Amino acid sequence: AQSVTQPDIHITVSEGASLELRCNYSYGATPYLFWYVQSPGQGLQLLLKYFSGDTLVQGIKGFEAEFKRSQSSFNLRKPSVHWSDAAEYFCAVGAFGEYGNKLVFGAGTILRVKS
Amino acid sequence: GAVVSQHPSRVICKSGTSVKIECRSLDFQATTMFWYRQFPKQSLMLMATSNEGSKATYEQGVEKDKFLINHASLTLSTLTVTSAHPEDSSFYICSATGTSGPIHQVQYFGPGTRLTVL
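Taken in sequence, the protein lines are chains A and B. Sequential numbering from 513 applies to the first sequence in my numbering. Sequential numbering from 454 applies to the second sequence in my numbering.
Next up, chain A with everything else stripped away, as it sits in the complex (with noise of 0.2 angstroms):
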């Protein structure tokens, strides 16, 4: 079965400090991974996917994300932080089906920028 650990419950950086926020998944084939952004009581906003092809993958807002096949990761990555950066943090593998994605989200990462 899928699963999906962020190791990391809280983050605290720095405004303009690098920012990594940590993704291991467990999938038997080949994943769909994905990175979402949840405001407090707002839904997701999709960050970036990784289906195929090149593994280092851009998203919006700055953030990147690296799929390791060897390592079972897929980390997301800032190089510098903005205080409207702080939210919640959800890494999802993805088993695409006939029906669309089915998605298993990780535990979600808040993260709280100071100034």
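Treat the hints with care, as some may be off.
Unchecked claim - In silico BS3-like links for lysine-lysine, alpha-carbon gap of 30 angstroms or less:
#	chain 1	residue 1	chain 2	residue 2
1	A	K626	B	K494
2	B	K494	A	K561
3	B	K508	B	K519
4	B	K508	B	K467
5	B	K494	B	K519
6	A	K580	A	K561
7	B	K517	B	K473
8	B	K494	A	K580
9	B	K494	B	K473
10	A	K626	A	K573
11	B	K494	A	K573
12	B	K517	B	K467
In case anyone wonders, no lab produced these hints; they're calculated from the structure. Treat the numbers as computed from the prediction; the structure is a model and nothing was measured.
Based on these hints, arrange chain B on the given structure of chain A.
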């Protein structure tokens, strides 16, 4: 593009009443819609997968008679919480995928509905 709306954004109801939540894809046709439940400070739990014109597929442990899902058109799915109780209070989020192409491969999420049962 790929905008999903939910209505209402917040609802408060009395125990024993039923509540209907709508999920609409505004600028694309959604073959499949998903309904999630999110408890405070927790991740999203998939409740059911809804395919246009057919019965929803519920995840293990989700009561299909309590959470009625209808996906009558390619742009609308509804979740009805029947005989709601305080333990049904939660944040309900829907998502949708398109019929073909890249939009078929990604779930686009609505803004969520906060249900409070008194």
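Here's how the hints hold up against the structure:
Proposed proximity of K626 (chain A) and K494 (chain B) is supported: the alpha carbons are some 21 angstroms apart, at most 30 angstroms. Of the pairs offered as hints, the one joining K494 (chain B) and K561 (chain A) holds, with about 24 angstroms between alpha carbons and a cut-off of 30 angstroms not exceeded. Of the supplied pair hints, the one linking K508 (chain B) and K519 (chain B) holds, its CA atoms being roughly 15 angstroms apart against a limit of 30 angstroms. Pair hint K508 (chain B) plus K467 (chain B) holds up; C-alpha atoms about 28 angstroms apart against a cutoff of 30 angstroms.
In summary, the hint linking K494 (chain B) to K519 (chain B) is supported, as the alpha carbons are separated by about 24 angstroms, within the 30 angstroms threshold. The straight-line distance between the Cα atoms of K580 (chain A) and K561 (chain A) is roughly 14 angstroms, inside the 30 angstroms bound, and the hint therefore holds. The straight-line distance between the Cα atoms of K517 (chain B) and K473 (chain B) is roughly 14 angstroms, inside the 30 angstroms bound, and the hint therefore holds. Proposed proximity of K494 (chain B) and K580 (chain A) is supported: the alpha carbons are some 28 angstroms apart, at most 30 angstroms.
Between the alpha carbons of K494 (chain B) and K473 (chain B) the distance comes to roughly 24 angstroms, so the proposed pair stays at or under 30 angstroms and holds. Between K626 (chain A) and K573 (chain A), the direct Cα distance comes to roughly 18 angstroms. Compliance with the 30 angstroms bound is thereby established for this hinted pair. With a C-alpha separation of about 24 angstroms, the suggested pair K494 (chain B) and K573 (chain A) falls inside the 30 angstroms cut-off, and the hint holds. Pair hint K517 (chain B) plus K467 (chain B) holds up; C-alpha atoms about 21 angstroms apart against a cutoff of 30 angstroms.
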